[in-house]
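*Asks:* Please construct the entire structure, taking both the sequences and the accompanying hints into account.
The primary structure of each chain is shown beneath.
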Amino acid sequence: AQSVTQLGSHVSVSEGALVLLRCNYSSSVPPYLFWYVQYPNQGLQLLLKYTTGATLVKGINGFEAEFKKSETSFHLTKPSAHMSDAAEYFCAVIHTGGFKTIFGAGTRLFVKA
Amino acid sequence: EAGVVQSPRYKIIEKKQPVAFWCNPISGHNTLYWYLQNLGQGPELLIRYENEEAVDDSQLPKDRFSAERLKGVDSTLKIQPAELGDSAVYLCASSKDTRAGGYNEQFFGPGTRLTVL
Numbered sequence: 001a002q003s004v005t006q007l008g009s010h011v012s013v014s015e016g017a018l019v020l021l022r023c024n025y026s027s028s029v030p031p032y033l034f035w036y037v038q039y040p041n042q043g044l045q046l047l048l049k050y051t052t053g054a055t056l057v058k059g060i061n062g063f064e065a066e067f068k069k070s071e072t073s074f075h076l077t078k079p080s081a082h083m084s085d086a087a088e089y090f091c092a093v094i095h096t097g098g099f100k101t102i103f104g105a106g107t108r109l110f111v112k113a
Numbered sequence: 001e002a003g004v005v006q007s008p009r010y011k012i013i014e015k016k017q018p019v020a021f022w023c024n025p026i027s028g029h030n031t032l033y034w035y036l037q038n039l040g041q042g043p044e045l046l047i048r049y050e051n052e053e054a055v056d057d058s059q060l061p062k063d064r065f066s067a068e069r070l071k072g073v074d075s076t077l078k079i080q081p082a083e084l085g086d087s088a089v090y091l092c093a094s095s096k097d098t099r100a101g102g103y104n105e106q107f108f109g110p111g112t113r114l115t116v117l
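Residue numbers (my numbering), protein chains in the order written: chain L, 1 to 113; chain A, 1 to 117.
Treat the hints loosely; a few may be bogus.
[Unchecked claim] For lysine-lysine, the following BS3-like pairs were computed, each having C-alpha atoms within a straight-line distance of at most 30 Å: (1) L:K100 <-> A:K71; (2) A:K11 <-> A:K71; (3) L:K69 <-> A:K96; (4) L:K100 <-> L:K49; (5) A:K62 <-> A:K96; (6) A:K62 <-> L:K100; (7) A:K96 <-> L:K68; (8) A:K78 <-> A:K16; (9) A:K78 <-> L:K100; (10) L:K68 <-> L:K58.
These are computed hints drawn from the structure, not numbers from a lab.
*Replies:* Structural data, given as C-alpha cells:
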C-alpha cells in the first residue's frame, strides 16, 4: 500500500532563511509525486509535480523539489523564505497507472520576521 | 476562467440533522472528486466521478453518506444523519478526463467547513 510521510507537523524559519520540508513515500511502482500548498480557508493549490524526466522539479513561488528514488524522498525547498510562504504544505503520491492521490498529513510552515 | 465553486463555505448543524454540500467543477472537467479533510490531516478521497459515473466510492461511508452527479457536471454530497465525528472540511476537486490513464492536475475548491454540535 502506498503511504506518504511528512517529517514535522510544524516548521518555523526566519524570513530569508532556507525552507526545507521533508517528504518520504512508499510505493511499489514508480510514482507521480506532488507538493500542494493550502492557505487558510482555501483549497489546495499545486506547487509542483514530478511525473517523469528530470528529477529536480521547479514550481511556483520559487519552490523546487528533488525526486530521489534511492531514498524514496521528495523534499521541498526554497532558498529564501518570505512571509507570504506561511501556509500548510502537503506532499502527495499517485502510482503510475492509478488514479487515487494519497496525501501526507501536512506540514505547517511558519515564517518569522 | 472560474475555479471550482463550493457552497456553502460554512455550515453548523446539530447531530442527527441532514446536511448537503454542492460543487460546481471547472467547465470541461469530466472528473470530479470529493475529499474529507480532518483537522491537521491531509485530504482523503471519498468518491471520484467520471462524468456521471461513480468509479471509486470505496471510501464513502454508505450508511450515512451519499453523492450524486446526475448530469455529469454539478455534484452534491449528503450526510444523513450527521454525527459529531463528521465535523471536518469537505473539499471538491475536478480534473480533465482521467480514464485514459496518466495524470491530470486536480483543481480544488475552497471547501465547506462543517461543524456538528
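*Asks:* Find the hints from earlier in the document that the structure breaks and name them by number, from lowest to highest.
*Replies:* Hints that this structure does not satisfy do not exist here, as all of them hold.
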